[in-house]
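Colleague: Below are the chains, spelled out letter by letter.
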Amino acid sequence: MQPGQLAIDFHAILPEIITVLAAVLIMMIDAFTRRINRRVAGAVALVGLAGAAAAVVSLWGGKVESSFSGMIVTDDFRLFFAMIFIIVTFLIVLISLRWVEDEELPTGEYFMLLMFATTGMLLMSAANDLVMIFLGLETTSIATYVLCGYRRRDLRSNESAVKYFILGSFSTAFLLYGIAFIYGASYDPNLSPVATTNLQLLKERLASDQLFSGPMLLAGAAMMLVGFGFKVATAPFHIWSPDVYEGAPTPVTAFLSTGSKAAAFASFSRVFILTFFAAAPVASGMTDSAVSALREVSTNALMVMAILTMTIGNLVAIVQNNVKRMLAYSSIAHAGYALVGMVAGDWRAVAFYLLSYVVINIGAFAVIEVIARRGDKRTEIADYSGIGFQTLGLAAALSLFLLSLAGIPLTAGFMAKLLVFKSAWAAGFHVLVVIGVINSAISWYYYLRVIVAMFFREPATGFQRPVLARSLVAGLVLAILGTLYLGILPGRVLDALEKASDIMTTAARR
Amino acid sequence: MIQMMAILLQAQSRPPAAQSDAPIFGYIPIIIFFLIAVLLPVVLLGVSRLLHRRVFEREKLMPYECGIDPIGDARERFSVRFYIVAMLFLVFDVEVVFLFPWAVIYDKLALFGLVEMLIFIGILVVGYYYAWRKGALEWA
Amino acid sequence: MLSAIILVPLAGAIILGLAGRRMGERMIGLIACSTVAVSTVLSFYMFFGRLLPLPDDARQIHELLFTWINVGSFRADAALLLDPLSGLYILFVTFVGFWIHVFATGYMRGEEGYWRFFAYLNLFMFSMLVLVLADNFLLMFVGWEGVGLCSYLLIGYYFTKDFANDAAKKAFIVNRIGDFGFALGLMLLFWKSGSIFYFNDPRGIPSAFEWAMKPGGADPATFSAIFAGGLTTIALLLFVGAIGKSAQIPLFVWLPDAMAGPTPVSALIHAATMVTAGVYMVSRASSIYVNAPTAMLIVAVVGAATALVAATIGIAQWDIKKVLAYSTVSQLGYMFLACGVGAFTAGIFHVFTHAFFKALLFLGSGSVIIGMHHEQDMRRMGGLKKYMRITCATMIAGWLAISGVPLFSGFFSKDEILYKSFTSSALHAPWPMVLWIVGAMTALLTAVYMTRLMVLTFWGSERFKEASHSDDHHSDHAHGGDHHPAPKESPLSMTVPLIVLALGAVAAGYLGVPEGLSGGAISNHIEHLLEPAIAHPAETNHALAAEDHSTEFILTGVSVVIAFIGIIGGWLWFKRRPLWQPPRLLEGKYYVDEAYDAAIIQPIKTVSTRVLWKIIDVTIIDGAVNGAANLAARVGDAMRYLQSGLARSYVVVVVVGALLLIGYFVIR
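Read top to bottom, the protein sequences are chains S, Z and R. Just so you know, the numbering used here puts 353 at position 353 of the first sequence, and the rest follows in order with no gaps. Just so you know, the numbering used here puts 105 at position 105 of the second sequence, and the rest follows in order with no gaps. Just so you know, the numbering used here puts 272 at position 272 of the third sequence, and the rest follows in order with no gaps.
Don't read these hints as lab results, they were simulated from the structure. There may be inaccurate statements among the hints.
[Unchecked claim] Simulated DEER-style distance windows between Cβ atoms: (1) R:Tyr596 to S:Asn321: 36 to 46 angstroms; (2) Z:Arg81 to S:Asn300: 43 to 53 angstroms; (3) Z:Val126 to R:Ile69: 48 to 58 angstroms; (4) S:Val131 to Z:Gly127: 20 to 30 angstroms; (5) S:Leu468 to R:Ser493: 42 to 52 angstroms.
Every residue gets a Cβ at the ideal spot worked out from N, C-alpha and C, and that includes glycine.
All chains should be built: construct the whole structure from the sequences, respecting the hints.
Modeller: See below:
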């Protein structure tokens, strides 16, 4: 299917259609009834997500097709990431069902926004065109801006939303500007005189060096790097995330630090690994062409960003006393580890990393959410003192998640780190791997600090055993199972990734 | 601007053969215009700042309101409803923009175009209805 | 089918663990025993019905559960393998395990946490069967750790008692040392050979041993072979694991303390099954050992030394279970001696017979302890034979078997080991003779201490009548009786297993009658069976063939004489003076615990408090931490300008970053 053709194929966007319909349905129920029941809204969301998952599965099968004038692509890359997003939102819905009601926040809108954000994320991984990526990104961003300020009467929440909005718009401008530059650079006045934002065409032109201007391409790529760097929160564009993560309501923080981060990584990988890097295989003879310069320069830049991100994230996390803020920095550090996979140009490692990371991180935030109680009041490490034996199940679950984030063997976190570092090592980035491993050793300190506080400190006063909603327990159990499954029996997932086809490999096969 | 300059420099460093088909030189007047546009206010403001005499009196520091003493704060708060109405207006304004090109080639798109447009409008209607039910259109 | 053998006990453990709390004792016992019974029946079916009909050299049944890890060149499957070696193991593990379960239903009656006990016990069966049936080293390691965990849980079963907790911790820590060696050996093996599988199998996975068996792969005891990672290193590291699990010198100290667990646990885990896992592992890796002669010698010497040392300690113990514990250590030493001289089949055979008679002896001691109302000190027993006829009769069978009286099972296996070590050609000149002498001395001591145990317990004056209750006895039960009513025979649920195991202790030896002994009339089934699964030192076979049977007859005669000397001498001596005070050195177990305390624990404590705490922690680390905190505070101050909370300063950071990035991209 050539991108030039219209190719309307509703099956190809079935997951997105289903999530949108679910969102609209929640909206309508909300509008028609006086007060929407959280169970109804949550159930619609969950059913919608299950339907979307089914649609993703129905699309699975190793084919690579583009549709809607080359706007949408269906390959295993997209579908794998789509599955990650669906898992994220599914878990978030589970852990926040009860929470929305307890906080006395508008129920319908919450789930509606979550579903719209999910749609945007799905589009981000499905996009085969820079414009489409932008659309998906904005859909996600606008929904999450609102979600950040969802606790309307809480100043911290408001601050979080405003900051996120201002800085987010700012960085989106960079992204858009970068897209424009790439668009401008993408044509050759003689050979192909029509500019394009279609990634497949872009890759073909880059590979054959049909460009209007190399520097323009590089400038565009740099600006896109800024835009994506902001969304995935890599240093120095991470600066917004601690404030936003701390202020946002905890389930929203969980969503931001997993879902929208993973979605940004999906687009990031699609553009940089599958388009830019794929257009310039390392071994190709074109050493002085713009595209090999692009690969070299962006690899260097990504490497520096990865090192900065890991180091800053971990070092600053050490001195945090607020658990949410600590996890915000930890989340920055994890973006750094995922970047290591990007440097190696191995999207499979990145995808597995993100899958593991989202499952673990949502689990950790779920525990923090219930311990924080209404209004996110108890989020200091001091509040965790000695709660280990007062609420053993929660503390044990949190310990598991934290240890997994630290990368203890037999959990998802370990496998994920192992794969990322392995592929970076194989690609020859030894220094990067060493720094990554050192960083991961540093991170043990602050993860263990929480565990030590929970089990070995005198109990904090005023701790009450939280009442656990059944849905939250279900979410926690799923997260625990996921963490262990990916850590102990990652075989099936790795196998699926190994076999996954994407534009890059099919092109190589051709 | 720095990027622009850099691009310019890079373009110039290209071999002469490439220059002929590098249309970036067509933009040189625009860059010059841009430079002038930046320089002009900087120069004007700078010159006046250098030359003027500074007087600090109460009257002088007051906001200028046609000779009338100002009442209250200039940063007044507006009702949030203004924004909501403005946003709704924007949405439907853009909708109309999309309707124009559709109307022009309506007969070529035939039934397919009609259905597509109905879906598009349907989505907006849903949003409109939602805003209505949520009381966004009520002014009180 | 194979998976059912391991999964049924697991299901039992899960059911008991989740719902056992609400069940009655009868129900719990029924579930626990029936799951093991199912495993037993399946094991027998798989062994006799499926494995044996296969031709001699193709006796392997593989079963893939699922692919566990498959990353790059590293592949580990959760797959099971039934071959003669694992087959023999599952036979006695399930069979002995079943009868011990039955015994435990009676023994544990009325105990706090009855369900917990059987949940652990079922979990243990699962882990042990995984260990044995695994078709690669990694899965074996999973089972290895699993049995270690269950052992820890069960030793510490009376968790309100300090000594039980201490013993559990001791077992766990000492085993960690061994496991560390095992894990290192495993990694080294994978690194060198690229595989962790025992055999080439239908899934196209190569065997780890192929590398070991390669010509030229064998290495002499050169420096580089030992220290730079060769077969010898691998073999020794694996042996460190075996030392820990099978309680050999120097790590044997945990096993006697492990007797703090309930007696069925001692019988099942610390006598019959788990502690023999080390022998299993060494036999599994026989291909590696036969090519690493240095390692073989070390295995043999450690085994022989352990056998002798533990036997001497066993003579001087008063606690009936402690005697049996040291006896177990000693017998395990025998098994390693066999492995070390290249007679792996003899070692396995001894594991097999030992499982019967040692489980029998432990259960018998348990029966005595119950009959004596939780008394374990032999000084307060005596003359029990008329109170506990069945227990006494069955224990006599075990006594004769372990002492090596002809026609009992222990005779055949022990004799085989002694003979093989005497004639071993895997070792250099003086060693076979030395090892044989040590083995023979151990045999003598074994007969003596077992006779002492029997005499003190079942014969002589009824000392429990005069003995006033003293506080220092270590009963393994939460409540020791204050008065001593007459001892009474145990209930049927306990005596029936005793009888069954007694029959086993008598008969198990006939599976492996040494061929020379019977003049070929009865073939040595065990040896033939294990032949394909075990590697032999290259020369041994020729040596055996060349050996004529006269040597074997002479050695056997010597063994028999030794056994009778031990029994008769012991009988005469201890009958006369049952309370003879043994040398303090032996009663104090050579003060090994004290030596460890003085040589390792106290120095560590001292270093910890004086150096690590007072100097390093307080001065250096606290200093560094405070310094780091200061540094972090300074960095934080610097960062505060960045992380000011003001959106506009954030914008500045982003812009600066963006400009740097774009500048780099454009200018390069």
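Colleague: Hints first: check each against the structure and report whether it holds.
Modeller: Now for the hints, and whether the structure bears them out:
A C-beta distance of roughly 43 angstroms is found between R:Tyr596 and S:Asn321, which places it inside the suggested range of 36 to 46 angstroms. A beta carbon spacing of about 52 angstroms between Z:Arg81 and S:Asn300 agrees with the range 43 to 53 angstroms that was offered as a hint. The hint said 48 to 58 angstroms for the Cβ distance between Z:Val126 and R:Ile69, and at roughly 49 angstroms that hint holds. Taking 20 to 30 angstroms as the suggested C-beta distance range, the pair S:Val131 and Z:Gly127 conforms, at roughly 22 angstroms.
For the pair S:Leu468 and R:Ser493, the beta carbons lie near 43 angstroms from each other, so the given range of 42 to 52 angstroms is met.
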